Amino acid sequence: MPNQQMPTDGQHHRESVFQPDPGLLEALAPLQGNERIRHLLKCFGLRTSLVRLKVIDALLTTVGSDRRLGVRGMHSHLLALDIPLSFLSVREVLKRLCSEGVVVLNNDKSYSLHPQAEAVLTARIDA
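Read in our numbering, the sequence shown has 105 at position 105, and its numbers run on one by one without any break.
The set of hints was computed from the structure by calculation and includes no laboratory data.
Here are the simulated DMTMM-like cross-link-like pairs (lysine to aspartate or glutamate), alpha carbons at most 25 angstroms apart as the crow flies:
| id | residue 1 | residue 2 |
| --- | --- | --- |
| 1 | K95 | E35 |
| 2 | K109 | E92 |
| 3 | K95 | D57 |
| 4 | K95 | D66 |
| 5 | K42 | E92 |
| 6 | K95 | D108 |
| 7 | K109 | D66 |
| 8 | K95 | D82 |
| 9 | K42 | D57 |
| 10 | K95 | E118 |
| 11 | K42 | E100 |
| 12 | K109 | D57 |
| 13 | K42 | E118 |
Model, not experiment: these values are computed from the prediction.
Please work from the sequences and hints to get the whole structure.
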């Protein structure tokens with residue numbers, strides 16, 4: 001039986017619970033910073049936590065750049081920002097976000113936002 005907590009290589013073992021809301025673009029317009037990330041987590045049926053907010057925010061800053069973050073890179077990035085999270089916390093959050101379809105584990109062991117999650121955060125809903 002596959003471990004549901006293990007990250008996948010973009011192949012999801014369970015269906016994403018994300019359902020785009022027809023009025024989503026209008027609802028997202030006034031949202032800034034962490035509010036957008038909170039909304040994203042809610043769309044995927046996840047609770048908000050400090051670690052999830054910081055990890056998704058870090059991934060969002062890498063969108064459109066050549067920078068790739070693995071678990072160690074993510075942990076180092078957060079420490080450089082004076083966000084004292086343990087390596088294990090970062091790793092477990094990334095695993096959970098992968099299993100929920102918010103984040104994708106790339107072939108090079110780096111993480112990136114799932115295109116659907118990126119669309120929610122950047123207010124480009126194509127689903």
